[in-house]
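Asks: Chains as they are written, first to last, in the working numbering: chain A, 1 to 354; chain B, 1 to 354.
Hints are computed from structural coordinates only; laboratory data are not their basis. Treat the hints with care, since some could be wrong.
Any copy will do: because identical chains look the same in the list, a pair fits if it lies in one copy or spans two.
Claimed, not checked - Listed below are the simulated BS3-like cross-link pairs for lysine-lysine, each with C-alpha atoms no more than 27 angstroms apart in a straight line:
no., residue 1, residue 2
1, K286, K261
2, K261, K88
3, K107, K313
4, K88, K111
5, K286, K3
6, K110, K251
7, K20, K248
8, K20, K43
9, K251, K213
10, K131, K303
11, K110, K137
12, K213, K131
13, K3, K261
14, K43, K297
15, K211, K110
16, K104, K43
17, K313, K24
18, K213, K111
19, K248, K350
20, K211, K104
21, K315, K88
22, K313, K303
There are 2 protein chains.
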Amino acid sequence: MSKTHNFSAGPCILPQEVLKQASKSILNFDNNLSLIEISHRSKPFDYVMNKAKSLVKDLLDIPNGYSILFLQGGASLQFSMIPYNLMKINGSAVYLNTGTWASKAIKEAKKFGNVIIAADSSNSNFSTIPKNYNLPKEFDYFHCTSNNTIYGTQIKEFPSINGVMVCDMSSDIFSRKINIERFDVIYAGAQKNMGPAGTTLVIIKDEILGKTKREIPSMLNYNTHIEKDSMFNTPPVFSIYVSMLTLKWLKNLGGISTIEKENQNKADLLYNEIDNNSLFEGTATKEDRSNMNVCFKLVDKSKETDFNNMCEKAKISGLKGHRSVGGYRASIYNAMPIDSIKVLIDVMHKLENN
Amino acid sequence: MSKTHNFSAGPCILPQEVLKQASKSILNFDNNLSLIEISHRSKPFDYVMNKAKSLVKDLLDIPNGYSILFLQGGASLQFSMIPYNLMKINGSAVYLNTGTWASKAIKEAKKFGNVIIAADSSNSNFSTIPKNYNLPKEFDYFHCTSNNTIYGTQIKEFPSINGVMVCDMSSDIFSRKINIERFDVIYAGAQKNMGPAGTTLVIIKDEILGKTKREIPSMLNYNTHIEKDSMFNTPPVFSIYVSMLTLKWLKNLGGISTIEKENQNKADLLYNEIDNNSLFEGTATKEDRSNMNVCFKLVDKSKETDFNNMCEKAKISGLKGHRSVGGYRASIYNAMPIDSIKVLIDVMHKLENN
Numbered sequence: 001m002s003k004t005h006n007f008s009a010g011p012c013i014l015p016q017e018v019l020k021q022a023s024k025s026i027l028n029f030d031n032n033l034s035l036i037e038i039s040h041r042s043k044p045f046d047y048v049m050n051k052a053k054s055l056v057k058d059l060l061d062i063p064n065g066y067s068i069l070f071l072q073g074g075a076s077l078q079f080s081m082i083p084y085n086l087m088k089i090n091g092s093a094v095y096l097n098t099g100t101w102a103s104k105a106i107k108e109a110k111k112f113g114n115v116i117i118a119a120d121s122s123n124s125n126f127s128t129i130p131k132n133y134n135l136p137k138e139f140d141y142f143h144c145t146s147n148n149t150i151y152g153t154q155i156k157e158f159p160s161i162n163g164v165m166v167c168d169m170s171s172d173i174f175s176r177k178i179n180i181e182r183f184d185v186i187y188a189g190a191q192k193n194m195g196p197a198g199t200t201l202v203i204i205k206d207e208i209l210g211k212t213k214r215e216i217p218s219m220l221n222y223n224t225h226i227e228k229d230s231m232f233n234t235p236p237v238f239s240i241y242v243s244m245l246t247l248k249w250l251k252n253l254g255g256i257s258t259i260e261k262e263n264q265n266k267a268d269l270l271y272n273e274i275d276n277n278s279l280f281e282g283t284a285t286k287e288d289r290s291n292m293n294v295c296f297k298l299v300d301k302s303k304e305t306d307f308n309n310m311c312e313k314a315k316i317s318g319l320k321g322h323r324s325v326g327g328y329r330a331s332i333y334n335a336m337p338i339d340s341i342k343v344l345i346d347v348m349h350k351l352e353n354n
Numbered sequence: 001m002s003k004t005h006n007f008s009a010g011p012c013i014l015p016q017e018v019l020k021q022a023s024k025s026i027l028n029f030d031n032n033l034s035l036i037e038i039s040h041r042s043k044p045f046d047y048v049m050n051k052a053k054s055l056v057k058d059l060l061d062i063p064n065g066y067s068i069l070f071l072q073g074g075a076s077l078q079f080s081m082i083p084y085n086l087m088k089i090n091g092s093a094v095y096l097n098t099g100t101w102a103s104k105a106i107k108e109a110k111k112f113g114n115v116i117i118a119a120d121s122s123n124s125n126f127s128t129i130p131k132n133y134n135l136p137k138e139f140d141y142f143h144c145t146s147n148n149t150i151y152g153t154q155i156k157e158f159p160s161i162n163g164v165m166v167c168d169m170s171s172d173i174f175s176r177k178i179n180i181e182r183f184d185v186i187y188a189g190a191q192k193n194m195g196p197a198g199t200t201l202v203i204i205k206d207e208i209l210g211k212t213k214r215e216i217p218s219m220l221n222y223n224t225h226i227e228k229d230s231m232f233n234t235p236p237v238f239s240i241y242v243s244m245l246t247l248k249w250l251k252n253l254g255g256i257s258t259i260e261k262e263n264q265n266k267a268d269l270l271y272n273e274i275d276n277n278s279l280f281e282g283t284a285t286k287e288d289r290s291n292m293n294v295c296f297k298l299v300d301k302s303k304e305t306d307f308n309n310m311c312e313k314a315k316i317s318g319l320k321g322h323r324s325v326g327g328y329r330a331s332i333y334n335a336m337p338i339d340s341i342k343v344l345i346d347v348m349h350k351l352e353n354n
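Based on the provided sequences and hints, a complete structural model is requested.
Replies: So, in structure tokens, the structure goes:
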């Protein structure tokens, strides 16, 4: 049976070889025991945790002085952990509001202190990434969201920040080269380019911690997890294991520089069709278009049923746009084969020719 | 190849049929897509979440007025969520200190207010469960730990509390009948009797919430998760799915009353051998012995190498006691077949007869 083309926004497509290996390890990972019934303090899992960490370090070229953590609670828990650990009592933080997730991060930060919005693209329904905004002289940290899954926008050029730089990279980490040294904290829920839902990657510059004088619950304190090497309590074994497999797959493929080129090709192909097909239009400003989430609409909504039926027939799944934008969203993460994109383009093409 | 006998304390043994089904679903769960690459907002996962919840409700006979949540962060995050949600500003809470995990819960609660220790068995290296302690007239909640994995003790008779009753049941939930109406909050990390690491079950009486006047981060606020039906953010899909399968297995087996009898039989069998075998002794006070974690020592430590070798030869795994108690610990959770216990008893017997 031919494979469904999975354009889901997250949890989303993972490499087939990763799924096969994960499936096997559920039955027998070590010494006849399942991956999910061994102690997280056992040598086989210790290997998994260390391997996952070293792959992150290697793929993203992380220098010394940064810790790599696998936590729980998704980016949503990071929205609170960031101010808990970085915003001084009576301090302030600067946020760039580029969409739903940025707005949620702002909401949580406001519970801890003064939040200054550097810029906000809600007026254009978040179809653009604000640029050329001014920052206050003093703030505890600057926070931005690198890719906006819902609106299909992506920061192409990160702002130069004179201070602590925090970035939510949940939906485009491992998709393109980034200069880690420009960031102090990067966090990402696993369920796009890294693995299945259930773990959150945090990359943090050690020297920025311990300065707020806040009393922090142990589980929310980055230092707790740094000291215990992400093993303060039982980690999400399965999610970390599958993330390790996915990162290994990426490394074997050629790493970030290879996948970045592939991602650019895939995105170009699809945006090209959107721009040249008279039936469709993109929803995000061209220069801010995401290479991960391609959002588009039918110019003539009456073609909707036809298009949906054709997609279904072609085994295209997960293409529905988020309710706040409408239309369609093709999420084309690292593991998305170019052939699936060609199938989608073919359907769009046929619709135009009908 | 014969199966390893898995006595690990957690993550721990799961039913074979659950592992088989989980392994299959990693390859194809719905419409040729893997369980871990579909949207958590899709109908197939919606079914999983609802089924998991209804199985919990059914198995534990939970009346209306309680919410059932699947969260992340393990019991360790609950140690902070409990005081965040239940301890008033300038309020107090009463804790029963019966071991390592209770002590950790106490440490976190102290960050929020006044913690009164009702009783503490640390003097006996936590080998007993304190009884007949006095409680203050006023407190925001009482907290206890039903089973102490490390020390092999278990609360057989829960105290009658005139006030809010909170219990960490991480290591014995679903192992015996409990009267839910005597509890206001029950929480449990999945990785013993419910499923793999990565999710935490919380059962909470709705009416006790919203009374502290604290500003609570959204992810730590029980009401956030109640309102969104455990889908405020991407849930740990795999862990919830495997928990659902495990609960289904338990229901098909006959539910709690059946497993409670089996657990009693298994524990009796093993404790009986410990008490009658001249080479071994139990470490916990008899009346407080856990039916989940059986802790014991060799009377004559010089037999250690022999016993360890014999265990290895018999494919017995995970028997090493926690470093704070030493000796051995046989964790015999719901999924542990009686045959594995018989293999262990046989080895103990042979050692005595040598």
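Asks: Each hint: holds or not?
Replies: Do the hints match the structure? See the list:
1. K286 to K261: For K286 and K261, only the intra-copy Cα distance (19 angstroms) is at most 27 angstroms; the inter-copy one is 66 angstroms.
2. K261 to K88: This pair counts as neither: shortest intra-copy Cα distance 41 angstroms, inter-copy 55 angstroms.
3. K107 to K313: neither (42 angstroms within a copy, 58 angstroms between copies)
4. K88 to K111: both (12 angstroms within a copy, 18 angstroms between copies)
5. K286 to K3: neither (31 angstroms within a copy, 58 angstroms between copies)
6. K110 to K251: neither (39 angstroms within a copy, 45 angstroms between copies)
7. K20 to K248: Result: close both inside a copy and across copies, 14 angstroms intra and 25 angstroms inter.
8. K20 to K43: both (23 angstroms within a copy, 24 angstroms between copies)
9. K251 to K213: Answer is neither: 40 angstroms inside a copy and 49 angstroms across each miss the 27 angstroms cutoff.
10. K131 to K303: Classified as neither: same-chain Cα gap 36 angstroms, cross-chain 73 angstroms, threshold 27 angstroms.
11. K110 to K137: within (19 angstroms within a copy, 37 angstroms between copies)
12. K213 to K131: Neither way: K213 and K131 sit 33 angstroms apart in one copy and 39 angstroms across, limit 27 angstroms.
13. K3 to K261: This pair counts as within: shortest intra-copy Cα distance 24 angstroms, inter-copy 46 angstroms.
14. K43 to K297: For K43 and K297, only the inter-copy Cα distance (24 angstroms) is at most 27 angstroms; the intra-copy one is 51 angstroms.
15. K211 to K110: This pair counts as both: shortest intra-copy Cα distance 19 angstroms, inter-copy 21 angstroms.
16. K104 to K43: between (39 angstroms within a copy, 25 angstroms between copies)
17. K313 to K24: between (31 angstroms within a copy, 25 angstroms between copies)
18. K213 to K111: both (16 angstroms within a copy, 13 angstroms between copies)
19. K248 to K350: Answer is neither; intra-copy 38 angstroms and inter-copy 46 angstroms both fail.
20. K211 to K104: both (24 angstroms within a copy, 24 angstroms between copies)
21. K315 to K88: neither (51 angstroms within a copy, 54 angstroms between copies)
22. K313 to K303: Within one copy only: 16 angstroms inside, 69 angstroms across.
The structure is inconsistent with the numbered hints 2, 3, 5, 6, 9, 10, 12, 19 and 21, although it conforms to all the rest.
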